[in-house]
Amino acid sequence: MFSVIIYGRNDQHGYNLHKRAAISFNALAEVMSDPDDEILFVDYNTPDDHPTFPEAIADTLTDKAKQHMRILRVRPEQHVHLKSKTHLVALESQSRNVALRRSNPKNRWILYTNTDMLLVPRTEGESLSDILGALPDGFYQIPRFEIPEMLWEAAFDRKDAAGNLAKLRDWSVRFHLNQVVHNFMPMKYDALGDFQAVLREDMFAVHGFDESMILGWHCDSNLAARLALYRGRVDTLMDKAFGYHCDHTRVAAANNKGRKTTMNSHDKYIWNVSSPYIPEQAETWGWPDVKIEEVRLDRDTSYERYVAGLSQAIEPATVPFTNTSVEWHLFDDLTYDLRHTLPFVCDQVLTYPKSTSILVAGCRADFIQRFATAWRGMGFTGPVLVPQEVGLGVDDPAIKGGRFGDLLKRADLFMFEFGLTTQKIDDPVRVGREESLADRRQLKAVERLFRRAASTEAETRPKGRQTPRRCIGVNVIYNRYWPVFTDYISANINPFCAQVLAGIPLAEPVTMKEKVILKFKKKKAS
Amino acid sequence: MAKQGFLKSALAGVGLLRKANAPDFPGIDDPDPENQGTALFRRGRYRMRAGEVENAVKDFDRAIELLPDYAEARVSRAECLDMLGRAEAAQPDYVEARRLWAAERTGAPDRSYIWRQQGRLTFEVESYELALERIKTGSFPHSAVGNALMAHGRPAEALKAYERALKIKDKDPALLALKGEALSAMGRYRSAVDAFSASLKAVPRAPEVLSGRAVAYAALGRIDKANVDWRRQLSALPEHQAAARACVTMRLGAWTEALPELERTIEKAPNDPYWQLYRLTALKRLDRPVEPVDAPSGDWPAPLFALHAGKATPETVLAAATTEGRRMEALFQLERFKDVAETAPPHMIEYAAARNELGR
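Residue numbers (numbering that gives the first Met the number 0), protein chains in the order written: chain A, 0 to 525; chain B, 0 to 359.
Read the hints as simulated data drawn from the structure, not as lab findings. Values in this document were obtained by computation on a predicted structure and should not be read as measured data. Any given hint might turn out to be false.
Quick list of in silico lysine-lysine cross-link-like pairs, DSS-like style, CA-CA up to 30 Å [to be verified]:
1. A:K443 / A:K408
2. A:K267 / B:K200
3. B:K267 / A:K290
Required output: the full structure, derived from the provided sequences and hints.
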């Protein structure tokens, strides 16, 4: 019957976003009763190495919310062409249009709202699907009522959607929450963007939201103005449902700088709208030709993929714990426990598109072998690119060999592993093992490839790609490859136990010369 | 999410109420039910805003007595009753208003959106006039008022509204197209063609503007030029707009092309009898066999279905056609194309289709 369209990203947009959003997703699902109903969440421009926002809070969502939710992930690379034109990291019009294009064509209605809204049918037991199903064609809004921050934060149980709606029925009376804020037409009510129910067909006819609105604010009012022209009227649905907003003003959201807030022009996009249509984006709105990944919370989840991949690559431990050490005298010992490290390595890649091509150069054949197995098991369809210069002779259906120079131009992601090529899976770890000649040769080869990849990353990107590629280092903490890796890669400080660092290449590698100068400057200053 | 821009709006509203201490509601004593009913509606809305909700209800009661199909008054009365805590009493009015709007037949889907608007739109006109108290540099309220006036069949007043909008947004292609529609509705077809052409210069593939100019060309007797525009409109209309495409192909008298579009439209809107009727028309024009179709109930267009089924005579059909539009529909189904071409309003599908049939 209807597709709810909302958007956001895995960040901190305003106070206690996680709780607000969980309450809202669960409440929206609670008022759905048609199997075709869907909550389309556009996860816009979350960094590639993060999960989408709903995935990050999935444990707080009800089964019903997970079943109805479809996450459409817009990657940073897909946003990069707009990056220089806006100060915002998530764009409303683009997000909503991406979802509209991909919404269920069986649904008659599109409902635009936000991730902090609860919709309460006035007749208990009635669903929003029932309400919309009985409505004649039109464009409907409802007023937004505010819930004080203390109430939703302290009294709502995220997963008790029905209980939360019941509480709202009670509070609305007890605390006089229901105040309708009228507005100038075509914005029938204030904060109209929290409930605009539109025919899907109408949204296609008017070419969606205006994608030139990239400075934030008023996208909802612009839509209202255009649909008010198109339909002639803006109807109320106040007799059927009330909408409650989880107030979040303790902390200003990123797009709210008080009087200094940058906004789309009020005059241009509301008071000088002269047509419902946007002919200049008639063919392109919602990026019809762009492949947008879809993520589900009720099937093929990241966790399921992770488990599937690792269970193919490593067997369960047979002892209660194993040992390693960060003692100083072991700094040059490059042995590590592969079975312990692989889960942390896989954790670094799981949020990337399944079609990702990863270039892997390593010292240990068993590392590459097991990683390739896990890669396939996690459902990746892109290849594991292993340069022939590494020369380990590992065979796997996922592995594609080739010249390093060629593979550089195909890779979306890099991984360099610095272990001892002679180490076997059950060898002891960090007990003061010396490197053999073969180890040294292999390490040198991988180090050379790493330096080349990191220092030429910008020049070797695949055609059309604009964002820098991430580089993962395996066994690069608290050993001599720690400074080598971080000279080139902007990695955080990670616990030794994880063995893994990752980041994007620095614009300028930190050279030894710079290090000396820095040291000298510091000395002089003190 | 209070918006800074609305601070001014709010203050303007206060100013308006202060200025309007003793507002005038022209037509409040007019014996004409339409004038009196709409004046009562406006006073009711004013009283609502002033907090005199009980008095507002009385105005809406009276307006509905005078004009039982006044959906806007019903919704306003419902809102008042709801505000007074009488939610159950409000419900029937909300329902009835929606029923009334939905029951109105709207303009053809290939024409400008302004012909598809339902209701008296008095609430909208009043609201936009209120907005104009503050918005001095915005064209939107003017064009919205113009559209409402067009829906009311008042193109001369609408034209003035569009011209006010064009003073603010000079040469805007969308406003020029609206001006063209107003001129066309006033019978000033040459000026309409000029306005549409100016609009199309900026946006050459705007389907509804092409349609507007085609209608004006057809009215000027230039069916050849009209057909060129309709062809261009057809090529600009996306596949999913089957209803609009069906209308354009029917105007062109291109029944082979019309048939699949009509069938797709019926899939989406199986309860609209006109699409079924037009499908029967297409089949007949193409000399294809016609399977029996369930005739709709009601006084119209049921007689036209009876005609197709051979169960009604031309005389009975024409007798049942109680409005000018219905008469034109009947004449077209009777294949009296010359009569249609000479007397139908140019915006009707039947008019262009008849002209094209005669041109074969």
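Evaluation of the provided hints:
For the hint pairing K443 (chain A) with K408 (chain A), the CA-to-CA distance comes to about 22 Å; that is within 30 Å, so the pair holds. Our distance criterion of 30 Å between C-alpha atoms is met by K267 (chain A) and K200 (chain B), whose separation comes to about 22 Å. Proposed proximity of K267 (chain B) and K290 (chain A) is supported: the alpha carbons are some 28 Å apart, at most 30 Å.
The structure is consistent with each of the numbered hints, conforming to all of them.
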